[in-house]
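With chain W's structure known, arrange chain B on it following the hints.
Chains as they are written, first to last, in this note's numbering: chain W, 365 to 740; chain B, 365 to 740.
Do not rely on the hints blindly, as some may be mistaken.
It does not matter which identical chain is used: a pair holds within one copy or between any two.
Straight line, CA to CA, 20 Å or less: simulated SDA-like cross-link-like pairs of lysine to any residue [unchecked claim]:
| hint | residue 1 | residue 2 |
| --- | --- | --- |
| 1 | K522 | R441 |
| 2 | K671 | G702 |
| 3 | K522 | S511 |
| 4 | K369 | R430 |
The set of hints was computed from the structure by calculation and includes no laboratory data.
2 protein chains.
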Amino acid sequence: MKIAKAETPRLLLDPDRLKRNIDMMASRAAALGVALRPHLKTPKSLQVAARAVPNQSAPITVSTLREAEYFAEGGYRDILCAAATTANKLAHADKIQRETGARILLVADSVAMAAAADIRAGELGATFQFLIEIDCGEHRSGVLPGSKDLMDIAAALKTASNLELAGVMTHAGHSYALNGKTALADLAEEERAAAVNSAEALRAGGHECDIVSVGSTPTVLHARHLEGVSEARAGVYLFWDLAQASRNICRLDDIAVTVLATVIGHNRANGSLVVDAGALALSKDISANAFLPDVHYGYLCDAASMKRLEGLSVHDAYQEHGIVPVPDPQWFDRLPIGAQVRILPNHTCMTCAAYDSYDILHGGEIVESWPRVNGW
Amino acid sequence: MKIAKAETPRLLLDPDRLKRNIDMMASRAAALGVALRPHLKTPKSLQVAARAVPNQSAPITVSTLREAEYFAEGGYRDILCAAATTANKLAHADKIQRETGARILLVADSVAMAAAADIRAGELGATFQFLIEIDCGEHRSGVLPGSKDLMDIAAALKTASNLELAGVMTHAGHSYALNGKTALADLAEEERAAAVNSAEALRAGGHECDIVSVGSTPTVLHARHLEGVSEARAGVYLFWDLAQASRNICRLDDIAVTVLATVIGHNRANGSLVVDAGALALSKDISANAFLPDVHYGYLCDAASMKRLEGLSVHDAYQEHGIVPVPDPQWFDRLPIGAQVRILPNHTCMTCAAYDSYDILHGGEIVESWPRVNGW
Chain W
365 MKIAKAETPR LLLDPDRLKR NIDMMASRAA ALGVALRPHL KTPKSLQVAA
415 RAVPNQSAPI TVSTLREAEY FAEGGYRDIL CAAATTANKL AHADKIQRET
465 GARILLVADS VAMAAAADIR AGELGATFQF LIEIDCGEHR SGVLPGSKDL
515 MDIAAALKTA SNLELAGVMT HAGHSYALNG KTALADLAEE ERAAAVNSAE
565 ALRAGGHECD IVSVGSTPTV LHARHLEGVS EARAGVYLFW DLAQASRNIC
615 RLDDIAVTVL ATVIGHNRAN GSLVVDAGAL ALSKDISANA FLPDVHYGYL
665 CDAASMKRLE GLSVHDAYQE HGIVPVPDPQ WFDRLPIGAQ VRILPNHTCM
715 TCAAYDSYDI LHGGEIVESW PRVNGW
Chain B
365 MKIAKAETPR LLLDPDRLKR NIDMMASRAA ALGVALRPHL KTPKSLQVAA
415 RAVPNQSAPI TVSTLREAEY FAEGGYRDIL CAAATTANKL AHADKIQRET
465 GARILLVADS VAMAAAADIR AGELGATFQF LIEIDCGEHR SGVLPGSKDL
515 MDIAAALKTA SNLELAGVMT HAGHSYALNG KTALADLAEE ERAAAVNSAE
565 ALRAGGHECD IVSVGSTPTV LHARHLEGVS EARAGVYLFW DLAQASRNIC
615 RLDDIAVTVL ATVIGHNRAN GSLVVDAGAL ALSKDISANA FLPDVHYGYL
665 CDAASMKRLE GLSVHDAYQE HGIVPVPDPQ WFDRLPIGAQ VRILPNHTCM
715 TCAAYDSYDI LHGGEIVESW PRVNGW
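So that you can see chain W by itself, here it is in the shape it has in the complex (with noise of 0.2 Å):
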């Protein structure tokens, strides 16, 4: 189908731009000399994680059990999920082990949460590998690198029956903050260096500690070396977004996925079009305004050509309306009511998370439909 026949809003993806995206992270871990744990949470999408990691027993992150019970009946086999469990999610972690035979890692950054997850997993007759998550400085979760609670939880997991410690994990979520090459080459080895000593001190403390995790996109592509780590995750690289652009992580070009819409409406006394995409079509997330302030709800492109339509984006995001004031008339010329746009996102997880299909463009048609799974 055409797109300009296309119903909209509705969420185009690029396989030309994935591919490069896939590629380039692919030789950029190479480079580094560590395994690629690539995060779907971003496309959780088995068409595009077939692409991203064609190789169903390499490992893949994910951060829901949803996700996890999708990538493990679609065939993955090791599968971490990275957001800390609970008691309550364990019968489902139990569920997909047993019926997949998929590895779900579980992440623990506190004693109290191992023992729960102890008592629980001996109720349901499971055995759960667990990574210890430790906070390299973002100070959202996790504890500190080579901390006593480090080692508590170890022997926690050490002297618990159903549970195993399989390693550490980190996330510099705080390099989405930065802009700066030399920055986020710094904070990439503060990353690094919290996973590695951490593990080094488990060792030391008679644990084994085979999985040192360390990754977001930003830190995998600026780290200047990643000596003791054993993988790297990333997920946003797959399809970028313009908060990653506002930071210069990646190019305008890069961006492989965006929202195909309609101009509904000219509001010529208020100067500005309406188009059918609003808060829900795109999410409420600004948050590529940090840095590119003009951005707002996301920048429009001309749906053919991809080409930025400068000085046009969506201000205002109602639950179906979008509002893009036009800096000159001209624009109720250029964009009649019924013509297509296409809104690049500003954070492409949440803006995916409201469809449950990508639509595959080639040529300027929709030539296939990639479903994806959303919810817990």
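Positioned in the frame of chain W, the structure of chain B alone reads:
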């Protein structure tokens, strides 16, 4: 299932509060002497619709054609799709009308849209009924009351081969920015006058104008009278949210939906709890903060009693992590790792859109699950 055993995050719905809200608005519409056309873009659920609109011949409102299709297939016969349409949506609208026999009322606010719709309707061999949208002061979309634009669109619909004029509609969405009863009553009168004056102008010009539709929850609740209006639209009253409570349109105790979440971390160094409800589970909408700046991404409540945990709200929302600063370390004892909380939504339409079902609560147990529809 006891909620204490439930995997989180999940969306809970209190059916008693829902019923109270439904009864309140039904009484209000009866007192005003108008039909109620509930806006089901908020719940997007047939089970909620069955309680709010038990008579399936009665009018309903939706904001997308996927909702229209879902409710038409579920038995509803009179469906207003309240955002301006475009030609690329008409094949879908036609399919719904043909397959279900429902009437899909569409909206136009330009001659260009009416002309394009007539051509497309001709190609489809379909007939569509239209309401003309009036701008009663929000200046988002619509034509000015009684304006030449209004009369031109009516003329275009009259000369169109495949379209019919069914009436006018307006929406005082700017009522969401007000929090005073007198200001809201004044705005309700502007909304009413805009619709009624437009209907009268159309009738004076020789057009029929059966439907005179107004509405936003705040204006319907505060209107002094709705003379000349045939129907009122309102949606958020079904569930309410913090944005409405922040403007004193409802009380916190009226809010019928909450997000059940689990404490997954204690960050004692930072003085914060981590919960497993982040940006996807809550949405990034922060509209309640204009009048209640301590809401951030949502107030926390005790999971069992629904009493507010005073001083606790989600300050930062990562994809799957919510950060809750605690004013006092005693909260780490009151809310140990694994404890559940419930989070009130900022903007219920946005929060619910992340879920594919509502869990219905009765006496602390989830007794039923009601599906909802998302997307376009």
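Original post:
Hint by hint, which ones does the structure fall short of?
Top reply: Number 1 - this is the single hint that the structure violates.
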